[in-house]
Structure formats: structure tokens, C-alpha cells
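Student: One line per chain: the protein sequences are A and B, in this order.
Each residue of the first sequence is one higher than the one before, starting from 0 at the first, in numbering that gives the first Met the number 0.
Each residue of the second sequence is one higher than the one before, starting from 0 at the first, in numbering that gives the first Met the number 0.
If you are wondering where the hints come from, they were derived from the structure by calculation, not from laboratory data.
Warning: the hint list may mix true and false statements.
Claimed, not checked - Under the rule of at most 30 Å between Cα atoms (straight-line distance), these lysine-lysine pairs were calculated in the DSSO-like manner:
# : chain 1 : residue 1 : chain 2 : residue 2
1 : A       : LYS638    : A       : LYS664
2 : B       : LYS80     : A       : LYS63
3 : A       : LYS18     : B       : LYS80
As the list claims (entries may be wrong) - Listed next, the stretches of chain A that the computed footprint assigns to chain B, with coverage defined by at least 3 CB atoms under 8 Å from CB atoms of chain B:
# : region
4 : 18 to 32
5 : 54 to 68
Said to hold, decoys possible - Selected chain B positions facing chain A (in silico; Cβ < 7 Å):
# : residue
6 : ASN49
7 : PRO55
8 : ARG59
Beta carbons are placed, not taken as given, at the ideal position from N, Cα and C, and that holds for glycine.
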Amino acid sequence: MNYLRRIFLRFSNLFTNSKAEAELDREIVAHLQLLEDDFLDRGMTPAEAHRAARRAYGGVERVKQLHRNERAYQGLACTVMDVQYTLRQLRKSPGFTLTAILMLAFGIGATTAVFSIVEGVLLRPLPFADPDRLVILGDDLVGSHWDQSNVTAPDIRNYMRDTHSFLHLGGYQRIGLELSGDGDPIHVGATRMSGEVFQTLGIAPLMGRWFTQQEDDQHQSVAVLSYGMWRERFHGDEKILGTKILLDRRPYLVIGVMPRDFEFPLSPGHVNNSKLWVPLSPLPAEFAAGYAASWNSRMVGRLKPGTTPAQAQSDAQVVADETMRNYPGFMRSIRIRANVKLLHEDTVAQSRPLIHTLLFAVATVLLIACANLAGLLLVRSIRRRREIAVRLALGARAAMLLRQAMVESLMLSIAGGLVGLAFAASCIRIGISLLPENLPRIHEISLDWPVVAFAIGLAVLTGLVCGLSPAFAAIRTSVNDTLKEGGRTGTLGSGHGRLRSTLVIAEIAVALVLLTASGLLLRSFEKMRQVDPGFRADHTLSAFYDLPQKRYATQSAIDAFTDTLLRNLRQLPGVKAAGISSLLPTGGDGGEIAITVEGLVPQKGTGLNLVTLLMVQGDPLQALGIRMLRGRFFTESDKADSQPVTIVNRKLAEHFWPGQNPVGKRLRRGMPETPTPWLTVVGVVDDVKLGSLDGETAEQFYQPATQQVVSEGAFASAGELAANSGYIVLHTNTPPEQMENSLRAAVRNVDPQLPLIGMQTMEQLISGSEAPRLFNTVLISSFAIIALLLAVLGIYSVIAFSVALREQEMAIRMALGCQRQGVLRLVLTSAMKLGAIGCLLGLLAAASVSHLLRSFLFGVSPFDPLVLMLSAGVMLSFALAASTLPATRAATINPILALRGD
Amino acid sequence: MPSKENGQMQLLQGTLDLIVLRTLASMGAQHAYQIASRLEQVSNNLLNLNQGTLYPALVRLEQYGWIKGTWGKTEKNREAKYYAITRAGQKALGEETQRWKRMAGLVEKLLIEEF
Numbered sequence: 000m001n002y003l004r005r006i007f008l009r010f011s012n013l014f015t016n017s018k019a020e021a022e023l024d025r026e027i028v029a030h031l032q033l034l035e036d037d038f039l040d041r042g043m044t045p046a047e048a049h050r051a052a053r054r055a056y057g058g059v060e061r062v063k064q065l066h067r068n069e070r071a072y073q074g075l076a077c078t079v080m081d082v083q084y085t086l087r088q089l090r091k092s093p094g095f096t097l098t099a100i101l102m103l104a105f106g107i108g109a110t111t112a113v114f115s116i117v118e119g120v121l122l123r124p125l126p127f128a129d130p131d132r133l134v135i136l137g138d139d140l141v142g143s144h145w146d147q148s149n150v151t152a153p154d155i156r157n158y159m160r161d162t163h164s165f166l167h168l169g170g171y172q173r174i175g176l177e178l179s180g181d182g183d184p185i186h187v188g189a190t191r192m193s194g195e196v197f198q199t200l201g202i203a204p205l206m207g208r209w210f211t212q213q214e215d216d217q218h219q220s221v222a223v224l225s226y227g228m229w230r231e232r233f234h235g236d237e238k239i240l241g242t243k244i245l246l247d248r249r250p251y252l253v254i255g256v257m258p259r260d261f262e263f264p265l266s267p268g269h270v271n272n273s274k275l276w277v278p279l280s281p282l283p284a285e286f287a288a289g290y291a292a293s294w295n296s297r298m299v300g301r302l303k304p305g306t307t308p309a310q311a312q313s314d315a316q317v318v319a320d321e322t323m324r325n326y327p328g329f330m331r332s333i334r335i336r337a338n339v340k341l342l343h344e345d346t347v348a349q350s351r352p353l354i355h356t357l358l359f360a361v362a363t364v365l366l367i368a369c370a371n372l373a374g375l376l377l378v379r380s381i382r383r384r385r386e387i388a389v390r391l392a393l394g395a396r397a398a399m400l401l402r403q404a405m406v407e408s409l410m411l412s413i414a415g416g417l418v419g420l421a422f423a424a425s426c427i428r429i430g431i432s433l434l435p436e437n438l439p440r441i442h443e444i445s446l447d448w449p450v451v452a453f454a455i456g457l458a459v460l461t462g463l464v465c466g467l468s469p470a471f472a473a474i475r476t477s478v479n480d481t482l483k484e485g486g487r488t489g490t491l492g493s494g495h496g497r498l499r500s501t502l503v504i505a506e507i508a509v510a511l512v513l514l515t516a517s518g519l520l521l522r523s524f525e526k527m528r529q530v531d532p533g534f535r536a537d538h539t540l541s542a543f544y545d546l547p548q549k550r551y552a553t554q555s556a557i558d559a560f561t562d563t564l565l566r567n568l569r570q571l572p573g574v575k576a577a578g579i580s581s582l583l584p585t586g587g588d589g590g591e592i593a594i595t596v597e598g599l600v601p602q603k604g605t606g607l608n609l610v611t612l613l614m615v616q617g618d619p620l621q622a623l624g625i626r627m628l629r630g631r632f633f634t635e636s637d638k639a640d641s642q643p644v645t646i647v648n649r650k651l652a653e654h655f656w657p658g659q660n661p662v663g664k665r666l667r668r669g670m671p672e673t674p675t676p677w678l679t680v681v682g683v684v685d686d687v688k689l690g691s692l693d694g695e696t697a698e699q700f701y702q703p704a705t706q707q708v709v710s711e712g713a714f715a716s717a718g719e720l721a722a723n724s725g726y727i728v729l730h731t732n733t734p735p736e737q738m739e740n741s742l743r744a745a746v747r748n749v750d751p752q753l754p755l756i757g758m759q760t761m762e763q764l765i766s767g768s769e770a771p772r773l774f775n776t777v778l779i780s781s782f783a784i785i786a787l788l789l790a791v792l793g794i795y796s797v798i799a800f801s802v803a804l805r806e807q808e809m810a811i812r813m814a815l816g817c818q819r820q821g822v823l824r825l826v827l828t829s830a831m832k833l834g835a836i837g838c839l840l841g842l843l844a845a846a847s848v849s850h851l852l853r854s855f856l857f858g859v860s861p862f863d864p865l866v867l868m869l870s871a872g873v874m875l876s877f878a879l880a881a882s883t884l885p886a887t888r889a890a891t892i893n894p895i896l897a898l899r900g901d
Numbered sequence: 000m001p002s003k004e005n006g007q008m009q010l011l012q013g014t015l016d017l018i019v020l021r022t023l024a025s026m027g028a029q030h031a032y033q034i035a036s037r038l039e040q041v042s043n044n045l046l047n048l049n050q051g052t053l054y055p056a057l058v059r060l061e062q063y064g065w066i067k068g069t070w071g072k073t074e075k076n077r078e079a080k081y082y083a084i085t086r087a088g089q090k091a092l093g094e095e096t097q098r099w100k101r102m103a104g105l106v107e108k109l110l111i112e113e114f
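All chains, please: the whole structure from these sequences, using the hints.
Tutor: What follows is the structure, given as C-alpha cells:
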């Protein structure tokens, strides 16, 4: 304790130095007085006594120094003095101080905000116990281009039973469930999962317990709620445990509530988190026929200690080989490869390019801010050249001047860092609401200790880097030359000038890189807006429904619902066309299925023909305004027992029947060995963008939902139900928003309990699907604007300063007959020279980082000449504009005043 | 061990603090001059130190919180800063004395064995 107290006092005494000195003086004077008194008493004369007292005491100055060393950390005392000196200096030039701090705050703030996103999304460990051992296990389907490794129900059983590398391993599948009971029925995002999954993740429930693998195997109807679900729907009622809730109109026992930050699956691309978890409990049907070939689930596992993902993968491959050997005949040609990857990898994979681009953009802004600060400091040190020269002449050591310069830049940068932190905090608050929702773990983004440490570290680094070169420039000051210049401010040493020009050129170059990036993204956005989506967006309303199996257990019950609903919808006033589709544009391609085309012998090794399938009822193609190119739409007469028919899109037709009339051709579901009936093509429609507008168009084919089971042949499982969910699509005469209530009423009329999910107009859906690209574009563009402004500021300050330094030179030129235009041209030319070199370097830099951007571009080459030329043009004209003001000032110098001055 | 000619001794490092504490503990509050006089008296002038040398020790002890200085008046109505030992100082004195004794015993043993 006492030692700590002393350390603290030795620090604090640094700042109360004058008080301690006064106290010491007083004590020494008193001491000497007492000594003198004694010597006087012994009979000395006053003069002798005075001398004797001093002798007995010892050297006063030496004692004082010893006292100081003991009292406070003297090594730091100089630094404290430097700080106090710097504070005085900065107070004297508030304009410079404010500009420097704000500029840095900007750079550091933006960098910190982005870093906190990176930290939250990429760096922070997953919120599960020992997350480095968690892996995703799945199949890569040879010949498909899925990037998510999914599994089938038999896979889950086989992998769980036969692998040996996992401590725990379980399967899960995202589903939607209808939650009814107290309050309006709602549709909630949920996850079916093996009991093992909870053990794998190792997060204890907040209340109650998990379900076990045994309960999963025994098909127990139990549910675990998320914290949000528990608070919102059940008002945080602690008595919820042991009560029953209705899911898809079947009772489930609530056995647990998970903690607030528990989130699983952490799936990118899904806006709705899982609100509750129920046992996977696969039905017998899921192991048979078509289900066995549905890669619709995922698996998560915890590796045994000492097992690497690669070892686990070869272990799983053994099981996968066995699974393939046991495939029924109709799946013979499917090849799977087991794939084990870290859960963390899987979670962040999709957001990595965006985050790298963000980091790159802010690093650029920070670089420019640094260059500006360095420029400002340099200009400042040049202004103080006289003072520095005098101090050097009086014996100041270079190390001391260097230290002072560093202290100054560090203080500026740390102040900038602190202001920047405040700026970042508000940025993050705003930013989270703007970030695309497919960033995983978005709610974990916050300003916390690692982020704060990062910001301060960045500030210190910035201070050191920015301070160094001006500091060295300052101490290189030649004392003699500077002092000899007397009153006249001559031209400066070329070293300083070159350094300043370099800074400006670097700023221009770096800003131009961002400017081109932003230009390219803007062009991409424009290109995306021009894409023909293949459907009509206006006057179209859609909503999703999912019939609970409990109530709609037979195909006839489902069909009765659908028929009544479609009839009611068509009778609504203002409805031009109504239909139901299994997929909706902007909703994504959904899964893909394999098809076989008549007369086309598959080449060995070409893999599967995977295409997108849309099941339709009523007239969704007409309601969406999808253009019929050839043949006919489906009609009422395409029934379950009539000839199976299909409509294909242009891309599929051109792939399989190039240059021929596809109408009348035949294709069927599955692989060649799968016994499925032929479907006759009755129509060809235009391609429809099912994903985002800047995505690929898939090969698509449409089938009447009534013929689903027939067309599946051997894939169809016993008692399989078709068309129990879908998107209702209405084409309306009136603005579609006005039809929302009529649509709701029409559905309630058929089933009063059925919730409608995500009712939106097509226009709303499209703008939603454009959001991620819009976000990237706005983000990069705003960084580019910041960069441009900072660069302009830098150019302005440097040109203005050099003009001020050359004032006399200009005056002499004018006195010797140079025209004002000449002076103007002189200044602008030097600015343009810097601008041109900067732009050239910037274009080269932009080309070298183009690979970073390539994945974000759409329909535009990273070397698009128009964008490159425009950006360079904008940059140059801004550089010119920034130097116009100093140039005009130079041109309006009154030579007589300027020469007389000083 | 540095030693001075004519039989005078230089203080071992760290012992000055102990001596000052001990002096204050036995004699009550003292000013710097009194402490210095007491040192000279006890050591029979063998310890020749400038009185100012005490000051670093005093500031150190005060920062540890072992002594506390207050301004007062001498009998002759002169101003002086009186230092008094604190409760923490008493405790530290006990501990330091023990340590010193152990140390001295050890050194003595070593020196005897050497011969």
C-alpha cells in the first residue's frame, strides 16, 4: 500500500512542483536559521555564524536537486513540461489545433466505427463454448454449385451414428411454424434440431433445460424458447415452463428459455432469427424417396480434442461413401463429398468481401487525414523556423526539439482519437440500422474495449507517423542560414517543399482510388436498375402462407382450401389476375432439382442438370406479368390425372434445345435412372430474376402444383402432400396497398386462424432486394466524398502556404513587369502539376486494387474508361478549384506593400 | 564498502531511513536540525553527514506515510517543520528493525566463517 501511495505521490508531485519548491525553500531557510542561532549562541560573530551554518548544512542547490529526485519522477518532469509548453502553443493557434483535431477525429472515428464492425463480425469468437472446435459438416454435391454444405435426413442419421471424430454432432433445419393460442396466430422462424446440437454448442439455458437426444429420438413434443420470444409473446412470464403452446396447431411443452444472446443458427442471409427450437424427430417419410434426396438440413459438431477438421473430414467421407453405396437406384448417379469446415469460417464467409472493402475505404480516408496532419505540422514547423533556429543557437539539443515535436503531434492525435471515438460511437448507433441484415451477429457490434484500444492505438500511431517527418524537417533547420535571412523571408529549402508536394500527390492519388471505386459502384447500381427483371413490379401484391399439417392432413383438404381461396381472390373487385407460386421474384432461387431431358445423353462427368422449379396454381405468371414467348399458360384442365405438362424459361430452352421450338419437347425430374414420367413442354416464358437483380438468372421450369405428386414418380413418398404453402400473387387495378385488407379478409374467410406472412407489394420487395448494393454504393461513395474533401483541404492548405511564402517573389515578379495573369498561371500550373502526377499515380493504384472491388461490380469492368476518366477529371478540377483562391490572392498582391513589409 | 579516512563512516544504503524513524519513535516530534544533531551525538561524530542529506530521506518517509511534517515554533519562537512518526511508521519501524537484525546476523555469520 505504502509503495503504491509513494508512486502515486511521485506522479502527482510532477504537477504541483512550484508548491513543493516553495515548501522546501521555507524549510531550508528555517533550518539554516536554527543553525545560525546555535552558532551565534556559541559566541561566533553573525558573519561567521552565517558561514558556519551553510558549511554544516552542505550545498543548498545539491540538496534541492536530491529532494526533487526523491520527490517526483524527474525523467517525466521534462515530458510534463513539454506537454504544458505544447498546450500553451496550441492555445495560441486555435485554428490550426481545431482543424488538426477535427480532421483526425474524422479519420480515426470512421476507422474505429468500421473496425468495430469488423471486430463484431469477423474477429470476435462465436458466442459458444470453446468455439474453435465447432464445425459444420455437410455434403458437397458433385456437379452442383451450392456453396453451403447441406445434408439430407438419412445423412444426419448416418453421420451421427457412424463418425468417430466428434464429441457431439447433430443436424438442424430452419422451418417456419404457426404459433397460435393466446393472441393472434403468428408465423415464427424456428429450427428443428437434434438434441445433440445443444450439447455441441454448450450454452446453458437461462431457465429450465434443453431437450436431449433421447427426447428427440422419442419424438417428444417439447420446445425451447428464445429470450426475445419469451419476453415479447409471453411477457417474460416465469411460469411459462411446463405450459403448452400450439405450434402448427399441435401442443408442445415448453421446457426451457435460452439466454438473451443465444442465437442459432447464425445463418447469413436470414433476417429472422430462430425464435424457438423443437426436436428434429425426423418422420419415416423423410428417409424415403424424394426426401432422401433433399439436401435441406445442416449439421454442426464439436470435434474431439486433438482431432483436426481434415481428419474429421476423411472420417466423414468413409460414412459418405457408405451412404452412396446404399443409395436407391434412382439416385445412383449422385456423388457426394463430405465437407468439414469451421463454424466461424462458415458464418463469416459471405460478409468477408464487404468488410475488406470497408476496411480498405476507411484506411484510405485515414491515410489522407494523416497526410493532411503531417502537412499541417510541416507548415507549422516551417513557420516556427526562426524560433527553432534561435533555440538551437542558444544550445537546445536536437533530441529535445524532436521530443517536443513528437509530443505536439501525439497530443493532437490523441485528442483527435478521443473526439473520433465519440464520433464513432454515434456512427455505430446509426450504422447498425443501415447495415445489410445479412451480416451475421449484427447486434453484437458495439464500441467496447478492444475497439477503444484500437482507436487509441491508432491515434498514437498516427501521431508518431505524422509527427516524425515534420519533426526531422524542423531539427534539420540550419541555424546560420535561417538567422542570416534577417527580415527577408527568402525561398525555402527545397527539402521542405518536396515533402509537402509528396504529401499532396499522395493525397490526390489515394482519394482518386476511392473516387473511382465509388464511380464504378454507382455505374453498377445504374446497370442493375436497367436490368429487365422479367416481371411487372407495379400493381402487384404478394403474401406467403403455410398450411399447418394438423388441420390440412390430406391432399383434398389442401386442394379445397386452395380452390376456395383462388375463387374468392378472383372475385375481389380490382383484381385482374390471382395465383399462387412456390417461389417469388426477389425471394431467391430456392433449392434446385435435377432434370433429365429427352434425347440428351448425359456426358460422363458433366454432373447434374440442376435447375429451379416453380410450382404454380391459378395464374401467378399472368399476375406477375411474366411474358409468354411461345405456347400457352397452364389452364384448369391441367389436372393430376391429365398429361403432365411444364413451361420452361428461355434460358433453359436455349440450353437444351438451341435453335429449336421447345414446345412439345419432353423433360422429367431426376436423373436418367430415376423412374419419373415425362413432362411435355407447353410454353416458353421469358427469364425471371428470382434473386437480386444483379444476380445470375437460373434455368427455370414451371409445373402445375396439381401434377406435383404424379411428376415425382418414385421420388414421391407415400401420402406426400403438395401445395401446402405458397406466395399469393395479385395483379390489381388499384394501387396494391389498397388491396391488403381485402386479401387478408379473403384468406380469413377460408381459414380464420391462418396467418399471412410478409405481405408486400412487388415494388417494396424489389427495393428491399436492391438494399445491399445500395448500401455498398452509398457507403463507398460517402467515403469517397470524405476523401475528396480532405484531399481538397490538403491541396488548399499547401498551395495557400507556398503562395504566402512566395509573396515577395511574386511581388518582385510583378514589380519587374509580370502581369497578374502570369502570376495566376504560375500558381495554377504548379497546382495542376501536382494534381496530374497524383491522378496518374491514383489511376495506377486503382488498377492495382481492382481485384478487391471486382466481386461488387455488376456489368462494369474495373477499368471502365468512362469512370476512370470522369474520376480523374473530377479530382483535377477539385484540385484546380482548391488552388484558385490562393492563386487569386497571389495575383492581387500589392507589390509595394509586400516589398516594404517585414 | 566505501569508507572514509580518519575513521569516519559512510552510512549503509537504506539505514538512514531506519535511523530517522527510530529517532522520531524514541524522541517524539523533531525538526530536521534536531534529527541531524541527534545523529551526530549518537555516533560520536563518526557519522559525518551534511545536514541537508537528511532531506531526501524525510521526503521519502513522508511519501510512504510513515512520518508526517507540520510547521511549528521552537522555544526561541523560530519557525521549524516538525516531523512525527505515524502509526504506519511505527509498524514499519518494527518490521524494518526485524529485517535489519536478520540481515546483520547473516552478514556477521558470513564474515566470521570467512576467517
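Student: Decide, hint by hint, whether the structure agrees.
Tutor: Consistency of the hints with the structure:
1. Pair hint LYS638(A) plus LYS664(A) holds up; C-alpha atoms about 19 Å apart against a cutoff of 30 Å.
2. Taking the CA atoms of LYS80(B) and LYS63(A), the gap is near 16 Å; set against the 30 Å cutoff, the hint holds.
3. Between the alpha carbons of LYS18(A) and LYS80(B) the distance comes to roughly 16 Å, so the proposed pair stays at or under 30 Å and holds.
4. Proximity of the region 18 to 32 of chain A to chain B, defined as three or more residues with a beta carbon under 8 Å from a beta carbon of that chain, is established by the 7 residues found.
5. Here the region 54 to 68 of chain A counts 10 residues with a CB under 8 Å from a CB of chain B, which clears the bar of 3, and the coverage holds.
6. For ASN49(B), the suggested interface contact is upheld, since its CB lies about 3 Å from the closest CB of chain A, less than 7 Å.
7. Look at PRO55(B): its Cβ gets to within about 4 Å of chain A, closer than 7 Å, so that hint holds up.
8. A hinted interface residue such as ARG59(B) counts as satisfied when its beta carbon comes closer than 7 Å to some beta carbon of chain A; here the least separation is about 5 Å, so the hint holds.
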